[in-house]
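Just so we're aligned: the sequence shown equals residues -19 to -1, 1 to 683 in mature numbering (1 follows the signal peptide of the UniProt record, and there is no 0).
By construction, these hints were calculated from the structure, which means they are not laboratory data.
It cannot be assumed that every hint is accurate.
Think about it this way: if two alpha-carbon atoms lie no more than 25 angstroms apart in a straight line, the pair counts; the simulated SDA-like pairs of lysine to any residue are [unchecked claim]: (1) K236 - W423; (2) K93 - Q136; (3) K367 - D413; (4) K236 - G255; (5) K236 - G426; (6) K93 - N63; (7) K236 - D413; (8) K47 - P356; (9) K236 - R171; (10) K132 - N427; (11) K537 - Y462; (12) K236 - L250; (13) K367 - Q407; (14) K587 - N636; (15) K93 - G146; (16) K367 - H393; (17) K236 - N199; (18) K467 - Q407; (19) K236 - P606; (20) K467 - D413; (21) K132 - G255; (22) K236 - T271; (23) K587 - T612; (24) K539 - H518; (25) K587 - L649; (26) K47 - E32; (27) K537 - L453; (28) K587 - K467; (29) K587 - A654; (30) K236 - H393; (31) K537 - D607; (32) K236 - D206; (33) K467 - V481; (34) K93 - A421; (35) K587 - A655; (36) K537 - G426; (37) K236 - T192.
Restraint-style ranges between C-beta atoms, simulated for each label pair [stated by the list, open to error]: (38) G293 - A316: 20 to 26 angstroms; (39) R548 - D292: 53 to 59 angstroms; (40) D117 - G450: 48 to 54 angstroms.
What you are looking at is a predicted structure, and each value in this text was computed from that prediction instead of being measured.
C-beta: ideal position from N, C-alpha, C; glycine also.
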Amino acid sequence: MSRKPWILLAVGVTALALAATFVFEPKPGGLLAPKPAPPPPTPFDWSSQVEWIAGDGVRGLRNGAKAQARFDDPYGLVRTGNGTLYIADAGDNNRIRMVGADGRVATVAGSKEGFVDGSGLSAAFDTPSGLALDGDGNLYVADTGNHAIRKISRQGVVSTLAGDGTPGYRDGPGAQARFDGPMGVAVSRRGRVFVADTYNDRIRVIEPDGTVSTLAGNGRPGFADGAAAIAQFDTPTALALDARGLLWVADTRNKALRRVEPDGDVATLALAPGESNRSPLVRPAALAITHDGWFYVADQALGGVLQIRPDGNWALISGDSQDQRLSRPAGLALADDGSLYLNDANGHRVHRIAPAAPAVAPPANGPVGPADADPLPDTAGRWPLKPQDGWHEVVGTLGEVRGDGYGESRHHLHGGLDIRGDIGQQVLAIADAKVSAPVASWGFGNLGEGAELGRLSYIHMRVGRTAQGEPLDTDRFQPVYGDDGKLERMRLRRGTRFAVGDVLGTINPMAHVHLSLGPSGFERNAIALNFVGYADHVPPRLERIELLDALGQPLKDKREGRLIVPRALSGLQLVAEGWDQVDDNLPRRRLGLYAVGYQWLDAQGKPLPGYETPRMNIEFDRLPPDDATQTIYAPGSGITVHGSAVTRFRYVLSNTVRGGRVSEGLWLPNEFAAGDYTLRVVARDYSGNEAVGRRDLAIRLQ
């Protein structure tokens, strides 16, 4: 049966839904003049939960019920008075979607990547980002990849308000004006459309007659308050108007909230400092303001939302726990009841954050982040170096302990996969990818320099530059020069596409490529990409098993070949030291284990009840948070002697690490009766080889 009649019906229903939503929007003033909302909760009194609204967490395109619907890169978000959500779904979808009050998802406009005006599905967008509604119910879209501002009427007709589709900077009539990757948009009651012209580092305005002018920013990325012509922004991405009509900007790379006066004067909101006396913001990329001037800011690096009072005091209301962290919070929209709606771009979901009344138990968390079923990038096993279909040495795996170089040997966990290469060697894309992040490259000139392309990050390279530091491709890598003419940065615009084999840069003095898979907070083990020629037939090696007391000291009393353990001890940590190797690596190259566990055996070697199979408490399928390093690894781990080439991996088996989540635990000796037992440690590498060596520890409980 042909699907065309169904598609036509869906288009008609969608257009009617869009028109009905806009036509019956409460007047006067639409969403920009809502009825007075109740005051939001006082900061620090939130007992918030991240509730799931729509999207199954798998990248894709599917309309229908919220549990089955799929998004790719849900970014911009607005909410109407009747509860309908409109979402700019970028990535490969390039559509404007809607979530009805009943949770059903439909497509409003767009059907492919392109730059086409028209009605409903006949229109085309390229990486739509910010959204805004005017008082008449028209929807405005910051069409980032088309360098244009688009308008969707109440009838679902898409037109171009300003921008000719070419990246650049030019004021004037809308059809001749030029933007560079605009990401934020806001509309005043007078019908003026404000634009965060992201990679021009300016704030622009489109007058009701279609004329484009520059409101603030001199075009040089930087940080400067003052008059319009001298003010500087750095990658502004989101806009919001307060009740007085003042424009606020999420100035992403400056980690700041900026205020723009009607005459273009710019000032910065002073925020109470966070850790190390720094701004609490890291990558602010979405913004909402209540009627009485309280801010909500989605921070993509923190994976959460901050509530900020007008006096600059703040609280993190989501993202402060493993259960509430988002992978890339993007659009934000306020409801009259003080709750927040937000998109998680890399989690492919829509969420709601609501404060719980003191006497009411908070609702249960919904799923957060990308689903386990979210497919891996289509790499066909390619390596990021030539030959892409041939073996390369692996020199670091996910979850390994790393020091800080200043004496702390358990400072952080190693993410991703390290692949050895020569300094100056070209780094190549292993999968087709589209840039999603507003700031997709970092660390210019530093050893940790890298770039994020879709679900993959390539680190330890000169991004977009040759070994001599010259730009490779100025169409996709945007060089930024200082006043002295020296190269200061290489930008990657949101919406830029790369194909398999494209040159991304060259290896810096770290002499390897660090390849990360998945968004921050939800990073997966990159070995799962099944690299061509990668093989591991070498079993891991276990070297030592210990029991540590409450002070972290090993028990040492041995008699008749057994470790003596008093049953009265309050709790012990089980620690095993081991390491792994893979085929064809240098013999000195020690890698971390993939999974480690244990079981208890009685005096006859029979597993005790509950230990019939090993408890594989530690598994590095996903990257745990860095603050868990000293929970996962016992003292003495890492490189503990200056100049040593050997890393020690001492795993605390009584703690649990799985799915990127960490929990602490202790073994209680009084769990068992007095007598002789054997603690057996089981360790495996990713290929399933089981460890050899010191696997058993004989103990006597007394």
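Hints, one by one, checked against the model:
| no. | hint | verdict |
| --- | --- | --- |
| 1 | K236 - W423 | holds (14 angstroms) |
| 2 | K93 - Q136 | holds (20 angstroms) |
| 3 | K367 - D413 | holds (17 angstroms) |
| 4 | K236 - G255 | holds (12 angstroms) |
| 5 | K236 - G426 | holds (21 angstroms) |
| 6 | K93 - N63 | violated (29 angstroms) |
| 7 | K236 - D413 | violated (30 angstroms) |
| 8 | K47 - P356 | holds (20 angstroms) |
| 9 | K236 - R171 | violated (30 angstroms) |
| 10 | K132 - N427 | violated (42 angstroms) |
| 11 | K537 - Y462 | violated (62 angstroms) |
| 12 | K236 - L250 | holds (11 angstroms) |
| 13 | K367 - Q407 | holds (8 angstroms) |
| 14 | K587 - N636 | holds (24 angstroms) |
| 15 | K93 - G146 | holds (16 angstroms) |
| 16 | K367 - H393 | violated (30 angstroms) |
| 17 | K236 - N199 | holds (19 angstroms) |
| 18 | K467 - Q407 | holds (23 angstroms) |
| 19 | K236 - P606 | holds (22 angstroms) |
| 20 | K467 - D413 | violated (31 angstroms) |
| 21 | K132 - G255 | violated (39 angstroms) |
| 22 | K236 - T271 | holds (21 angstroms) |
| 23 | K587 - T612 | violated (30 angstroms) |
| 24 | K539 - H518 | violated (36 angstroms) |
| 25 | K587 - L649 | holds (20 angstroms) |
| 26 | K47 - E32 | holds (13 angstroms) |
| 27 | K537 - L453 | violated (60 angstroms) |
| 28 | K587 - K467 | violated (70 angstroms) |
| 29 | K587 - A654 | holds (15 angstroms) |
| 30 | K236 - H393 | holds (24 angstroms) |
| 31 | K537 - D607 | violated (31 angstroms) |
| 32 | K236 - D206 | holds (14 angstroms) |
| 33 | K467 - V481 | violated (31 angstroms) |
| 34 | K93 - A421 | holds (24 angstroms) |
| 35 | K587 - A655 | holds (16 angstroms) |
| 36 | K537 - G426 | violated (49 angstroms) |
| 37 | K236 - T192 | violated (31 angstroms) |
| 38 | G293 - A316: 20 to 26 angstroms | holds (25 angstroms) |
| 39 | R548 - D292: 53 to 59 angstroms | holds (57 angstroms) |
| 40 | D117 - G450: 48 to 54 angstroms | holds (52 angstroms) |
Checked against the numbered hints above, the structure breaks hints 6, 7, 9, 10, 11, 16, 20, 21, 23, 24, 27, 28, 31, 33, 36 and 37 and satisfies the rest.
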